[in-house]
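Assemble chain B onto chain A, guided by the hints.
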Amino acid sequence: MMSDHQHLRPQAPEIPLRSEGDPSADAVDYLVHHLTSYRYAKPVSRNYGRAHVEPRATPHQRVLSHEVVVDPVPTRLTAHTDFYGNSSTYLLVDGPHSQLDVHSHARVTVSERRYPAEAMSRPWEQCGPDHWGPLLPAESIDFVHPSPRIPDQGEAHEISARVFTPERPIGECLADLTGWIHANFTYDSRATTVTSTLEEVLAERHGVCQDFAHVGVAAVRAAGLAARYVSGYLRTAPSSEGALVTEPADEMIGSAASHAWLSVLVPGIGWVDIDPTNRTFVDQRFVTTAWGRDYADVPPLKGIVVGPPGATSTLDVAVGVVPVAPGTP
Amino acid sequence: MFAADVSAPTPVIDPVPVVLDAEDWDTLSAGLIQRVRLLDALYADLYGPRTVLGTDVAPAAELLQDPAYLRSAIGIPSRGATHLFAVTSTVARQADGSWVVLEDSVDVPDGAGFALELRRVLSRCAPSLYRSTELRRLHPFFDTVRTALHRRTRTDGRAGRTVVLTAGDPDDPLRAFDQSWLANLLGSPVVSVGDLQTGSGSLTLRLPGVDSDPGDTVDALVRLLPSAQLDPLDLGPTPYGGVTGLVEAARCGDVEMLNPFGAGLLENPALRAALPDLCRQILHEDLQLRPAAPTVGASTGAEPARWLSSDPAGGDDLVERPVRLRLMVIASEDGYEVLPGGVAHTDDEAPEALKDIWVTVPETFALPEGADEEPGGERSPGTGSTSGGATSEGSAPGRADAVDSGAAPANGAGVDLGVLTAYPAMTRSIGSDLFWFGRYLERVDSTARLLRTVLDTSNDLGSERSASAGTAQAVLLGAVTDVTTTYPGFLDLDPQDPESVRSEISSLLTDSGRPGSLAQSYASLAHTTRTLRDLISDDVWPVIARMRGSFHLLAGSDNRPLEQGLTDIVDGCLTLSGAVADSMPRNLGWDLTEVGRKLERTMGLLSLLRATLGHRRTRAAEARIAGAVALITESGASYRRTFHAAVQPELLLELLLHDTTLPRSIAFQLDRLNSTLDRLPEVTPSPELRAPLTALRSRIGSWEPQELLRPASGTAPGSTSAVASAPTPAARGGAPTSMLEEADAAIGSLRELATALENRFFRPSESTSRWGIDDV
Chain A
1 MMSDHQHLRP QAPEIPLRSE GDPSADAVDY LVHHLTSYRY AKPVSRNYGR
51 AHVEPRATPH QRVLSHEVVV DPVPTRLTAH TDFYGNSSTY LLVDGPHSQL
101 DVHSHARVTV SERRYPAEAM SRPWEQCGPD HWGPLLPAES IDFVHPSPRI
151 PDQGEAHEIS ARVFTPERPI GECLADLTGW IHANFTYDSR ATTVTSTLEE
201 VLAERHGVCQ DFAHVGVAAV RAAGLAARYV SGYLRTAPSS EGALVTEPAD
251 EMIGSAASHA WLSVLVPGIG WVDIDPTNRT FVDQRFVTTA WGRDYADVPP
301 LKGIVVGPPG ATSTLDVAVG VVPVAPGTP
Chain B
1 MFAADVSAPT PVIDPVPVVL DAEDWDTLSA GLIQRVRLLD ALYADLYGPR
51 TVLGTDVAPA AELLQDPAYL RSAIGIPSRG ATHLFAVTST VARQADGSWV
101 VLEDSVDVPD GAGFALELRR VLSRCAPSLY RSTELRRLHP FFDTVRTALH
151 RRTRTDGRAG RTVVLTAGDP DDPLRAFDQS WLANLLGSPV VSVGDLQTGS
201 GSLTLRLPGV DSDPGDTVDA LVRLLPSAQL DPLDLGPTPY GGVTGLVEAA
251 RCGDVEMLNP FGAGLLENPA LRAALPDLCR QILHEDLQLR PAAPTVGAST
301 GAEPARWLSS DPAGGDDLVE RPVRLRLMVI ASEDGYEVLP GGVAHTDDEA
351 PEALKDIWVT VPETFALPEG ADEEPGGERS PGTGSTSGGA TSEGSAPGRA
401 DAVDSGAAPA NGAGVDLGVL TAYPAMTRSI GSDLFWFGRY LERVDSTARL
451 LRTVLDTSND LGSERSASAG TAQAVLLGAV TDVTTTYPGF LDLDPQDPES
501 VRSEISSLLT DSGRPGSLAQ SYASLAHTTR TLRDLISDDV WPVIARMRGS
551 FHLLAGSDNR PLEQGLTDIV DGCLTLSGAV ADSMPRNLGW DLTEVGRKLE
601 RTMGLLSLLR ATLGHRRTRA AEARIAGAVA LITESGASYR RTFHAAVQPE
651 LLLELLLHDT TLPRSIAFQL DRLNSTLDRL PEVTPSPELR APLTALRSRI
701 GSWEPQELLR PASGTAPGST SAVASAPTPA ARGGAPTSML EEADAAIGSL
751 RELATALENR FFRPSESTSR WGIDDV
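Protein chains in written order, with the working numbering: chain A, 1 to 329; chain B, 1 to 776.
Excised from the complex, chain B in its bound form:
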């Protein structure tokens, strides 16, 4: 539900929310805001004058020994009224009603995106409950945050560009999800360290492929990577590579880091213990929220409060469980605000469940303008028709500003910001994601079509007993393994054994841990979309979510034929293609997507033709095989229009190789690939890109189907080909043709081209090395 990976364990969600009334909330949020004000003042001092270290209330020794105290980061200015942008605090309530703070995430505060998703999912599951309760909505909070961020980053009348900096591939899919939601809520593109470059007076995005040409200027980085690992010059070597000179860029005011460098120092345990004294000393106030006693639990006498929850054992009655609440405090224009909601985690021996946090609105509370919305939960299905795709069923990270478009006029601050809207960002990692979006879209489509046809024909062929049916069955199953490169696959199986065939098919459909499987290709496709919010149509999110749903059908009951699930996926691919073709601007991003799609389709076609037509077999078997290939390649209608004959390998090959009018032919792909490559920046003088395609076009242009499919001399039907790179079991048999060798060579050229494209556009062409004086 949350992650792109269809096999990722889904967290247990308890639909019973933690409900806080307005009074509870006022107490708690006031305490959290005070705490963050204190932490912010401490940051300003510890990374500034450091006067607090000279007092006897601060644990100077513990702070100075904390590796999170980044000495290089002192004296860095802040553009806003505060240094800290966001803090996530984990709190718990005691049985006596008081709140305690268990921990603060300051270096990398997280969880806000996840909170929104949980709210959205649950409000969909129980729309009437969410409709009938007057609770604080979450989106207006982010409007405030976004406005504050815009004002903070805006320079010289120009809209500030905020980007969200994440690790390229977070290990934890939930975290990746949370991060992309946050980026979405802030209206900021997601970038990785390789996309950024410091220069004289600015931090810029790196465009795909162009080293010398700086991309857009970045004014603020919402940092979701540990700050100690961001600058190899001033903070030392880092596994993330880092952005050289980033600390100095922040010091000179080129860019603001949010949260600032070294904010993790505020997580120091000794500092937490000293907060009550520090609060009196610095804010001249008593600290409202106490740190938890060192040992939390029943033995300390500090009994945690319990909250109504579903029974983890599965019983029908509600039970009471202790919970931890994760709440996010974010900088607003001149202070801090607390997200009125969040995620609660149960905290007992039973498996952890996640709960929504509701903050109810007092009965007398008058709804402000824009009250035609649902009071209560985020818009429910069927009521968000004015808000575009992001609210409809199954939307993954969508466009948050679209969600709140109805409320926007009420927000006076939005008016002048409209004209300052920045263009969508383009960076190397975004370019790479677009390229791979194209490739995986094509791969999912072709794998689904292949499996669907093979399932269909297997059913037909399985009911026959003829030799040709057996051969065709074996050839088609073998082609599945060859095309998806999921060896040994069917090559090691008896194609006549329905049980083992079924289990292999099932694995290819749903095993997302298996490279080449449909589920894995889909997960990769969904993954590439995480950075593409600005660049591809909003229409794609519901489609991607629905396709994810199809996998549950493929994995689940036997009630529905697998072919139906595969058809849903093929339909999804068609919708995605249409949405992209209809709405994507024809710019570099589009070209990179196109190149990815055409490359992938050409490779897939060549490998299918090689696996199915590469050996000569009996006329009857060939007719069956060629018929299936026509189905897979969606070329049956064209064939019938062109040739008034039964499907024959040579004629079908002629069509699929050379018909430039047929969108699924190889000639068509190569034409498009050629013209798209011409539009890519600096490609014309790049022989490493031009040469493989030129070689490929001349090779394939010279192919004569009759020649290509002539059995190689000296080999009898049934013998094993010497040129075949893939193992050919006896069951598939047939006489090898020169098609095998030719297709291998062509696929080789395509791989070379794909690698050259990636090297040219997405990978740094230069190397970085450290220098310094070794001996003193």
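In isolation and in its complexed conformation, chain A is listed as follows:
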């Protein structure tokens, strides 16, 4: 059982509210690069991959261009729109090869997100499926229930009960949840792998951004609201404009790799994205690629390699999300 004094007092992020007379929302253009490189000690014979790396169009994001380049030349490279509307890329390299590079390039425009104060002050109890009205698709119900990687957990209910107190405005709940996870979990890139379960993360209080997103989703769903897992990128250091960035930026965690956060359905607004890892509401620094019930629906890149038994490989990942002036090439 948890009790108050065991936990840090969370410092909640500020809710980005829309006020009368705001100037039109700022928009930022980004060049996005995501390069994944495997080097194999012995040549492998076939490589299959599934990627969710193409940024998707949202009310706050326009995709100007996108391309995935695979080296060696793939025997098959296809993309389809998946169950959740994301672009899902399949690749097959058939034939001996010693390295695999999957390079995703995109150019996107991301606009500011500000939310109406009256919707954000709606009590959270009025944000569940019964209050969605006819405009929200019934499929949103998919994000209310437990999912393969986010099973129903007792501990998530405790976090939920702490955050979603009676009649509390939804905006406050989301800010508090973001701050609470940030304060009570330690970011540790060695603490977890994709095979860490939610139960382990909740017990260890360690994790990476995908784990924090899972914790947040679990807590929101425990309150009976819809929450989805979002995969994407963060803006990298502006100093390295135009070039691939491989060093982490100082101020934000997850900027040198792909990133993950969560999104909550708020009637009257739509989906509101929060990032517990960086204790912030999602803003123009975030590029969205895909969403689903949890990580398993939208891993950025996964695959299966067929090769000599016991072959080893090394992995390098480089991500760059660099602001560029609108209209420049």
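It should be emphasised that the hints constitute simulated quantities derived from the structure, not laboratory data.
C-beta atoms are modelled at their ideal positions from N, C-alpha and C, and glycine is treated no differently.
Hints may be right or wrong, so weigh each one.
Heads up, incomplete: computed chain A residues facing chain B, CB under 7 Å, no partners named [as the list claims (entries may be wrong)]:
(1) Tyr-48
(2) Arg-50
(3) His-80
(4) Phe-83
(5) Tyr-90
(6) Asp-94
(7) Pro-137
(8) Asp-142
(9) His-145
(10) Pro-299
(11) Lys-302
(12) Val-306
(13) Pro-309
Taking lysine to any residue and the SDA-like style, the derived pairs with C-alpha atoms no more than 20 Å apart in a straight line are [what the hints assert, rightly or not]:
(14) Lys-302(A) <-> Ser-767(B)
(15) Lys-302(A) <-> Arg-251(B)
(16) Lys-302(A) <-> Pro-237(B)
(17) Lys-42(A) <-> Glu-766(B)
(18) Lys-302(A) <-> Gly-236(B)
(19) Lys-302(A) <-> Ser-200(B)
(20) Lys-302(A) <-> Gln-229(B)
Here is chain B on its own, set in the frame of chain A:
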């Protein structure tokens, strides 16, 4: 009767059929077809636009939470007019005459093959009954299905290849049987996941041993494995291993899955309950067949109808029992048809019995052309002479198209398909089955010969009281244990105690759960034939079935000497050898069978010679033992032709080791093994295959019978050998010779060769590992 395993419990079969008249059938089949049309429309929507989830008639929450809803499988096209290929529905009739549906099997619909077998068996038991009743036949149904499947899979004027995908070794022999029958009816080879590989633009079969060389293209997979476990890339890790990239191959239209991925979602209970509303909404019709009330039974007031049945208590009078009917709906060219028959299961407290389902033809119904066939049941024994082996007594999965050859001309659609017939498939698992078919055929043959001779000579020796007879008896019984590796066996028994000898013999004959027993080797032999329909002669099926019958004799009465049953089995092996040699094409499949047979025979011979001649004994005992070995190895006649002397160990050994003209000699096996290995693909540069055989041939070539059988120095007769790997009881005694060590080494090389062959041809040489980004 149904399963290869001679000890598998046989289901209780009630010969009294469930009879449906044409009117009943029309109502029921129309309802089933409507139901499957509805399920098909639901599949198309749930794995397509998903508009139904936004309506208030579909249980959206229950569907979205169902693990059978495979999110990765949306947007996969269908080649035919429908998505669903087959659905098996279980229905029951209420006392008021209405039908209710108890459940639908949509992910893996089954039961059609079993229905045919039940019909065949019962029509054989009561031919006159089946002849005198005008009932709908089952085979024409599959002609229609096959034609539809051919048209659906055909691409660019090329015949489409449909394969049936099953687990390599289904746990349930009845299910395995059902699956192989279905494959047979569809005219499609049975493959397992390891036989398939996705590539660029096609799904191909994997040939034995050749990684780089893709085999035949597969156009449709009739999937008898749960769809959630078929693609480790898109559907997650699976105990079956799966076929990486299969979901994408289906999405790109390389291959069609039948039933499609994720069809199990249609088994969702909440969806079943919503079908009446969905039917109105989607088909604009009223649902004809209602789902059963949530609680089935007498208490709900929905009394089940009762059907005439045999008395489960064994009484002579017929009784009435409630039954569940399993009926299969399959896609035809532009819609669905219901198999006019099936299997009914009794549904009460008494043990379950299976019943045939008869659909009668109205009196006025005129038989169509081809009416010279039996009206009514599948052809009865003695009347199917034009149809080849598959209709004769005891046929296991045979060639269905042969069964219906008489009706084929009436089926106009068949004409252009003839020229598109595909070649038989060859895959790793089929190659492996051929290799093991050869090995088990040889093992059954040699075990039966060994046991027959030992039984014969035991009878003779048992009547004598001499020491040499006692020794020979002990040695031969011990050899049975050694050769079949069924330790401790006779080594722990008193060879003079007839009761314990008899019980051990009986176990070795009929205990199919005991590795090395004749029954187990036979069951394994029958098992290997399940995928070999296209590759070995139709003549083998009745033989295999008759051999199964011999086991019932071996297990049963004392009226018939066991030797007679064993002779039947030896005869069966001879017939199988002949059928295979006379009809199998001389290709890779034949070579793999040959390699299996020669390897097994060499190992069996070496181990027999080691166990019988490896120790020196008195001249009198040796004469008896060598005489028995000559009988077992069928070399008595050659011996008499070659040597004008009584059977002596050294001379017999000379013959069995080195006479290259004698088909049961070791030299003969090794010559054949060598030339067959040369023909296997990519063997020449494979030292792991070449080296064991070269070592073996030079070792055995250097064996001198005189040297080999000289007692090892420093050991006196009666002492126990230090080199023998098998325990040697005092009763067998004798002075050990270098034969023991030499034979062990040779057998070791053969095992090494067998393993190398399997690794090279049937097992994946590459490993598969998952990769992905761990941290984000």
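Cross-check of the supplied hints:
Restraint check, Tyr-48(A) versus chain B: the minimum CB separation of about 5 Å is within 7 Å; hint holds. A hinted interface residue such as Arg-50(A) counts as satisfied when its beta carbon comes closer than 7 Å to some beta carbon of chain B; here the least separation is about 6 Å, so the hint holds. The interface hint given for His-80(A) holds, since its Cβ lies 6 Å from the closest Cβ of chain B, which is under the 7 Å cut-off. Checking Phe-83(A) against chain B: minimum C-beta separation of about 4 Å stays under 7 Å; hint holds.
At a threshold of 7 Å, the smallest CB-CB gap from Tyr-90(A) to chain B is about 5 Å, leaving the interface hint in force. Of the supplied interface hints, the one on Asp-94(A) holds, with its beta-carbon coming within about 6 Å of a beta-carbon of chain B, less than 7 Å. The beta carbon of Pro-137(A) comes within 6 Å of a beta carbon in chain B, closer than 7 Å, and the hint placing it at the interface holds. Interface restraint check: Asp-142(A) against chain B, minimum CB-CB distance 5 Å, threshold 7 Å, status holds.
The interface hint given for His-145(A) holds, since its Cβ lies 5 Å from the closest Cβ of chain B, which is under the 7 Å cut-off. Interface hint status for Pro-299(A): upheld, as the beta-carbon distance to the closest one in chain B is roughly 6 Å, under 7 Å. Against a cut-off of 7 Å between C-beta atoms, the interface hint on Lys-302(A) holds, since the closest Cβ of chain B lies about 4 Å away. Checking Val-306(A) against chain B by beta carbon gives a least distance of about 5 Å; that is within 7 Å, so the hint holds.
With a least beta-carbon distance of about 4 Å to chain B, the hint placing Pro-309(A) at the interface is held under the 7 Å criterion. With a CA separation close to 17 Å, the supplied pair Lys-302(A) and Ser-767(B) stays within the 20 Å bound. With a C-alpha separation of about 19 Å, the suggested pairing of Lys-302(A) with Arg-251(B) holds against the 20 Å cut-off. Pair hint Lys-302(A) plus Pro-237(B) holds up; C-alpha atoms about 13 Å apart against a cutoff of 20 Å.
Distance check on the hinted pair: Lys-42(A) and Glu-766(B) sit about 12 Å apart at the alpha-carbon level, within 20 Å; holds. The hinted pair formed by Lys-302(A) and Gly-236(B) meets the criterion: a straight-line CA distance of about 11 Å does not exceed 20 Å. Note on Lys-302(A) and Ser-200(B): the hinted pairing holds, with a Cα-Cα distance of about 19 Å set against a maximum of 20 Å. Distance check on the hinted pair: Lys-302(A) and Gln-229(B) sit about 18 Å apart at the alpha-carbon level, within 20 Å; holds.
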